[in-house]
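Chains as they are written, first to last, in numbering that gives the first Met the number 0: chain E, 0 to 96; chain L, 0 to 143.
Simulated from the structure, these hints should not be mistaken for lab results.
In silico DSS-like links for lysine-lysine, alpha-carbon gap of 30 angstroms or less:
# : chain 1 : residue 1 : chain 2 : residue 2
1 : L       : K83       : E       : K81
2 : L       : K113      : L       : K101
3 : E       : K61       : L       : K83
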Amino acid sequence: MNSPPVTMRLILPRQGKRGINLWLPLFIIVPVVAVIAFALFLLLLPLMLIAVVILWRFGWVKLLILSFPAVIGCLSALRGLKVDVNQGRERVLISFS
Amino acid sequence: MAENQKRILEMLSEKKITVEEAEKLLSLIATGEGKGGTATAEAEKKRAPKYLRVVVQPGPQSQEGHPERVNIRVPVSLIRAGMKFAALIPPQAADEIQEALKDKGVKFDLRNIKDSDIEELIAALGDLEVDVDSGHEKVHVYTE
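Bound conformation, chain L alone (with noise of 0.2 angstroms):
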């Protein structure tokens, strides 16, 4: 039982609180943990992101003509799923690409990357909305 329902049932007992008040403050405790759960789970919805989204249309400044569409959708499984590709790097290769990285300034391990890294990256995504709007062109990387 919730501490809560328990304090309002020792203050009935002990006679501070009458039956009706201790009827409506259990109703209230009662709707304010399903709204919280109901948040939780909505939370929980968004943190979960399904799809990651790439959406390029022409600005108002675009040229006359063919301007470009382009709409990706990308899962985040298939994400999740590409990332346990850098554990399979072999050796030689990661040195390399080691190497390319330092040269550009990048201080970042591919293979210190763990499983539990990826999940946190993925969950972090949820997050995740870039808007780019040059005029000539519009770019939203979303997740949904």
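In isolation and in its complexed conformation, chain E is listed as follows (with noise of 0.2 angstroms):
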């Protein structure tokens, strides 16, 4: 498995003002979400459970599971991404290290 992104960086252009400019730490960022979204997940978890009684028989369930590892795999191998667009002074700019 790929070793996860660190940090990601992005630079957003915003009309008539400065542009967004923003270098975020993610291996600070990715646990804080992680507990959060576990939380939730405890929370809802009756919620979800009803919704996988009802929609077990249409696949979807298993559908979902499986696509769980996947979206993981795609994450872990976001590192490296870099998308760099640039138009005079107006600049788009996504990159994962």
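Please dock the two separately framed chains into a single complex, following the hints provided.
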């Protein structure tokens, strides 16, 4: 498995204003988000179980369970992704490292 | 022991060649193997691309002002991970995709893609190089 991205750089233009320039330390944000997501998961567990029982026969639950590792795999493989579009003074940059 | 080395030693034991000649031949084989090994390693390295790059730059005839520049680098591991989603397409959606592809004249079934096919496809990406120069802009797609 790939090592997940550690930082994310984001540059977005804003009309008439100075663009957004962010450097996000994912190694800090991701654990915090993971804890919040897990807490939400525990809170919503009863509702989710009801949804699982209802949707089981349609095959969507199996698909959802199978897609989870694929999503994690995609997120882990983001390291090295760079999208840099430049036009004059406007620049859009999304970079994971 | 390699076949050639064995033959040289046999020729030496049969006194068909001298010790000096055998030494020279053995060293030549060793050098050849070293070069071959390096070449194989280089070829292996070339065959395994790490990133897919798409670069768009303004050409010599591009309009004055603010020409657009695009620089995209996609990790091959992300392509590999993304391709695995093809297996997760719901059957109903897969049928619709298949119909749409058929309408466009594409005879390709997404459901038939296996892991080995993905690996072959990614290995083949190593030789990919697309260069488009329209005058206004240059597009370069390659792997590194």
